[in-house]
Structures are given as structure tokens and as C-alpha cells.
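Below are the chains, spelled out letter by letter.
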Amino acid sequence: MSTNTEELKKLAIVPAYNEAGMVGRVVRDVLREAPDFDVLVIDDGSTDSTSAEAEAEGAVVIRHPYNLGIGGAVQSGYKYALRQGYDVAVQVDGDGQHKPEYLPELLRALHTEGDEADMVYGSRFRGDPGYKVPLGRRLGNLVFSVVLSALTRQRITDPTSGFRMTNRRGIELFARDYPHDYPEVEALLMLHAHHLRIHEVQVRMNARGFGRSSIDYPRSAYYMAKVLLALFVGLFRRRPTPVEATGEDEPRVEPPATSAQALAHGDRARG
Amino acid sequence: MRRWIGSLALAIALALPASALAETLRATSHAETGPGSLGETILEAGPGDTIELGRGEYPLTEGDTLLAQDNTIRGAGDGVTSVLPTGGGEAVSPANVEDATILPAANGGGDGGAIETKTQIFAVLGTLAIFLLILELVRRRRLVERYALLWMAAGLALLVLSIWTDGLDVIADGMGVEEPANAIFILAFGVAFLLLLNFSVATSRLSEETKILAQETARLEQELRAARGEVPSPNGGSAARVAEEAQHGGPVRAEDDA
Numbered sequence: 005m006s007t008n009t010e011e012l013k014k015l016a017i018v019p020a021y022n023e024a025g026m027v028g029r030v031v032r033d034v035l036r037e038a039p040d041f042d043v044l045v046i047d048d049g050s051t052d053s054t055s056a057e058a059e060a061e062g063a064v065v066i067r068h069p070y071n072l073g074i075g076g077a078v079q080s081g082y083k084y085a086l087r088q089g090y091d092v093a094v095q096v097d098g099d100g101q102h103k104p105e106y107l108p109e110l111l112r113a114l115h116t117e118g119d120e121a122d123m124v125y126g127s128r129f130r131g132d133p134g135y136k137v138p139l140g141r142r143l144g145n146l147v148f149s150v151v152l153s154a155l156t157r158q159r160i161t162d163p164t165s166g167f168r169m170t171n172r173r174g175i176e177l178f179a180r181d182y183p184h185d186y187p188e189v190e191a192l193l194m195l196h197a198h199h200l201r202i203h204e205v206q207v208r209m210n211a212r213g214f215g216r217s218s219i220d221y222p223r224s225a226y227y228m229a230k231v232l233l234a235l236f237v238g239l240f241r242r243r244p245t246p247v248e249a250t251g252e253d254e255p256r257v258e259p260p261a262t263s264a265q266a267l268a269h270g271d272r273a274r275g
Numbered sequence: 031m032r033r034w035i036g037s038l039a040l041a042i043a044l045a046l047p048a049s050a051l052a053e054t055l056r057a058t059s060h061a062e063t064g065p066g067s068l069g070e071t072i073l074e075a076g077p078g079d080t081i082e083l084g085r086g087e088y089p090l091t092e093g094d095t096l097l098a099q100d101n102t103i104r105g106a107g108d109g110v111t112s113v114l115p116t117g118g119g120e121a122v123s124p125a126n127v128e129d130a131t132i133l134p135a136a137n138g139g140g141d142g143g144a145i146e147t148k149t150q151i152f153a154v155l156g157t158l159a160i161f162l163l164i165l166e167l168v169r170r171r172r173l174v175e176r177y178a179l180l181w182m183a184a185g186l187a188l189l190v191l192s193i194w195t196d197g198l199d200v201i202a203d204g205m206g207v208e209e210p211a212n213a214i215f216i217l218a219f220g221v222a223f224l225l226l227l228n229f230s231v232a233t234s235r236l237s238e239e240t241k242i243l244a245q246e247t248a249r250l251e252q253e254l255r256a257a258r259g260e261v262p263s264p265n266g267g268s269a270a271r272v273a274e275e276a277q278h279g280g281p282v283r284a285e286d287d288a
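Here the protein sequences come in this chain order: A and B. Last residue of the first sequence: number 275 in this note's numbering, and the count goes up by one each step with no gaps. Last residue of the second sequence: number 288 in this note's numbering, and the count goes up by one each step with no gaps.
A couple of the hints might just be wrong.
[Said to hold, decoys possible] Between beta-carbon pairs, the in silico distance windows are:
1) Ile242/B with Tyr226/A: 55 to 63 Å
2) Phe240/A with Ala159/B: 53 to 61 Å
3) Ser237/B with Gly140/A: 23 to 31 Å
4) Gly25/A with Leu227/B: 57 to 65 Å
5) Ser230/B with Asp181/A: 44 to 52 Å
6) Trp181/B with Leu139/A: 43 to 51 Å
7) Phe240/A with Leu225/B: 21 to 29 Å
8) Gly89/A with Ser230/B: 34 to 42 Å
9) Asn71/A with Glu209/B: 24 to 32 Å
Everything labelled a hint here was simulated from the structure, so no lab data went into it. Every residue, glycine too, gets a C-beta built ideally from N, C-alpha and C.
Full structure from sequences and hints, please.
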């Protein structure tokens, strides 16, 4: 494949839930640091002006009718990327945690390593994270890191990082199947199960802007238990055939014709 | 070792002439339970002992111990003393009773049926009410047939077991549960558990389906707005926008474009 990344269609997926005051800046930063990326903001049922702000900065906005959670939001982005024929998609959190200046570096890693990586993600823990990560979060991360590194037989230092860029194969996989809540760790295992190659790039992140942190204290126990269960069950789950084997280039989402048929059928059934 | 032989010998000595050593106790109370009652006296008695009764009626709930210890109940005469089984009949066998009348079981049915019959009626009525409720819910389209069938099957199982008590006994025996009522509780709990689990599965599926629906409507809404030209098109030249931005030295507002 070519390393000429300029020809590729690239999309930045920005999941945002009530991030007014922040999301606009994220969109602007992405467009400034990586001008060849289109920006898609998934407004996951916000009650504030998140979508208006994102649109004002030139992002395409998909507005969920209600809050689906981070997993549903990100998957919405991958579905869009698949449908619109993007070659590369990157997740950038709407709360300003991920620094868009790393996008070119991630892109290079995705394609210059002899196409070795199907997914490249920014790890805070390869070096100095650049900000003080709360202890609980660090510990949780360590547990996941150990478990996941053992499962995938490669060193995964920051499995909870949502700053990830993937190619067409990853887009197809995630558009089809993406974990519900706290999806990052499980998504890595999915990639591994489908023989998609994962690569780490050291990044620094901002401490979360403000507002929501997807994990606060009482939920962290649930988080740990849920993810560990998902990992464990994932070991025994038969994944569908690897993406490249399906030869499926078109999205799995119903093409218009089928929907029309379904409608007609529904009418008939009703009438 | 010696001690052991000694105690064995003692045990044999005690066991062999058991009837010869049998004591005679006397029940002093006509109450169903409590000190001096027939039941209590039997519990105090050893194997082969005889329990003497005065005149009048002596209730007896459990005859199990009486049988197991092979005790004898001796009254003051047939018709003068009577034993009234109150816990359901068969335990007081005529072989263990001398000079006393065994009255018909207090609760009438001989088979100890009265309470059970009541329970049965209650169970049947209850189950019927549940059935009617389910049918009504289906009629009003508030309940899908699939779940209706599920609940009706559960109700039917309860109904069958409450009428056909022998079957319940068999099941209880098979489960190693002494009290058939407990067996039915365990079964009912198991069924309720499975039903609830089934609903968790259904809820999970529903949440997956609504997620897809929400994603699809959101996508359609976006496409619709794009088609109407209300928002930047999906593949809008963001690169161009940024170039423009660089020229203007600031972000280009969407309003400016419009």
C-alpha cells in the first residue's frame, strides 16, 4: 500500500457529551494541526450547545437522540466512516484530553511501519504522562495492562487510552461490533482476535478539561469487573471471520433498497 | 481397647433385654404440646417404654417417634381413654395402643386432607386468576404472546403440582426434600429465576437494537440536514477552510459561509 497519506480520506471522530465550551476548541485544534482530516462530532444526546458549537467550527455533527454512552457514540463515528468511505479514522475525545498535534505522528505510525499496524494508539504510560494521573486510574490501568499484554502477547502500556487511529480494516470491524460502555480495553482484544495489529505511540495528554470523567470513583469497581468479565468471556467468544476474509466493502447497515423493501413489507403486513 | 469392649458389652446388655427393662411413663396433660402432654412424654420415653394415659382425650401430633421406639400407649380402657391424631393419621397404629380408642383424625379427612384441600382450592383459584390476567393482557395487546405463553406455562406447572399432590411428593422425594411444600418453593424459585434471566437477555437485546436505531436516526438526520444544505457537507473541504482560516488569521465561522 502507498505511504502517500495525503491521498487517503481521513476522519477524526470526536465523541462529545455536554462538552459545550470545549468541543469547539477540539474541532478547531484538529483542523489546525491536521488539516487533511475531516472532523465528525458525535453529539451523544447533549443537552447543551455542543452540536451548535461543533458545527460552527466546521465539523460534521451527528446528533444522537439520547445518550448512548461512549461505546455507542464512537461506533456511530466508525459507521459513518465506513459509509463515507474513509480510509483512516481517529478518535479524539471531545473533552480536550487528546492533543491533536499528535495526529500526524499517529498517521505516520499507521502507515510508515510497512503497514504493520492496523491500529495505532497514543499511550500515556510509555514515558512521562505529562500530567498527574490519579492513583486509582493508574492502578486500574496497570491491571488491564498486565492482563491484556498477556492475552495479546505484546506490550500494551495504556489499554484505556481512547486516542486511537485505525485503518479501513479497523473501521470495518468497529462499525460492525463495538463494546457498549468502557469499550477501550475490550476493543483492543477484539482487534487482536481479528488479527489486526496494534502499535503504540508515546503521547502526552491533557488532564481532563472539565465536566465528566467517564470514570468516577464509585463506578471504578464496576468498570474493573465489567472489563475483566468482558476480557474473560471474549476469550471464549467465537469472533466472526476476520474482516479481510468477508470481502465486504459496503457497510452492513441496510442499503436504501432493503429499507424500502422492509417498509413495503411492513405495510403489507399491516394492511 | 478394654474400655471399648466394655462399652460394647454394656450396649448389648442394654439392648437385649430392652423390653424387660422397659419403663412405664405417664402422660399427665391433655394439651397437644408442653410438659406432660402425650407427645412430650413419648419424646422422653426410651425404646419399648409404655406410656400410661388417664381418662379422656389425648391429642397426638406426630406419631413417628412412637413407631420408631415401638412404644406402647396404654389407656384406662376402650372408650374411656382416647387418642386423637391431629397431625394426619397413620402414625398412630392400633398395634401400639392398648385399652384406648383411636379417634378419627381431628381434621376430618383421614388422609389429613382438610388443609391441603384448602390449599388446593386456593392454588387453583390463584392460578386461574393469573391465567385470566394473562389472557386479558394479551387481548389488550399489552403482552406479546411469546411471554404470555412463558408465564402460562409457569402457571400451569404450579396448578398441576397443587392439584396432583402425589406428583409433588414424588418430585420432593426425587429432590431429597422432606417437605413437599419446600420442593414447590424451590421449583417456583427456579422457574422465577429463569424467567427473570430470560428478561435480562431480552432487555440486553432490546438495548442493542435501540442503540442501532438511535445511531441510524442520528445518521439520517445528519444526512437530511446536509442534503438541505443546513450544515457543511460530509466531505466538505476542511483543508480549504483551514487555509482560509490561516489567511484570515482566525477561525471562520459557519455563519460567514452561509
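Verification of the hints:
The hinted range of 55 to 63 Å is not satisfied by isoleucine 242/B and tyrosine 226/A, whose Cβ atoms lie roughly 24 Å apart. Checking the proposed 53 to 61 Å range against phenylalanine 240/A and alanine 159/B shows it is violated: the Cβ atoms sit about 44 Å from each other. A hinted range of 23 to 31 Å holds for the C-beta pair serine 237/B and glycine 140/A, which are about 28 Å apart. The supplied range of 57 to 65 Å is broken by glycine 25/A and leucine 227/B, whose beta-carbon atoms lie about 44 Å from each other.
Range check, serine 230/B to aspartate 181/A: about 21 Å between beta-carbon atoms, so the 44 to 52 Å window is missed. Our hint of 43 to 51 Å for tryptophan 181/B and leucine 139/A holds, since their Cβ atoms are close to 50 Å apart. The beta-carbon spacing between phenylalanine 240/A and leucine 225/B, approximately 26 Å, falls within the hinted interval of 21 to 29 Å. At roughly 38 Å, the beta carbons of glycine 89/A and serine 230/B sit within the given window of 34 to 42 Å.
The hinted range of 24 to 32 Å is not satisfied by asparagine 71/A and glutamate 209/B, whose Cβ atoms lie roughly 50 Å apart.
Of the numbered hints stated above, those contradicted by the structure are hints 1, 2, 4, 5, 9, listed in ascending order.
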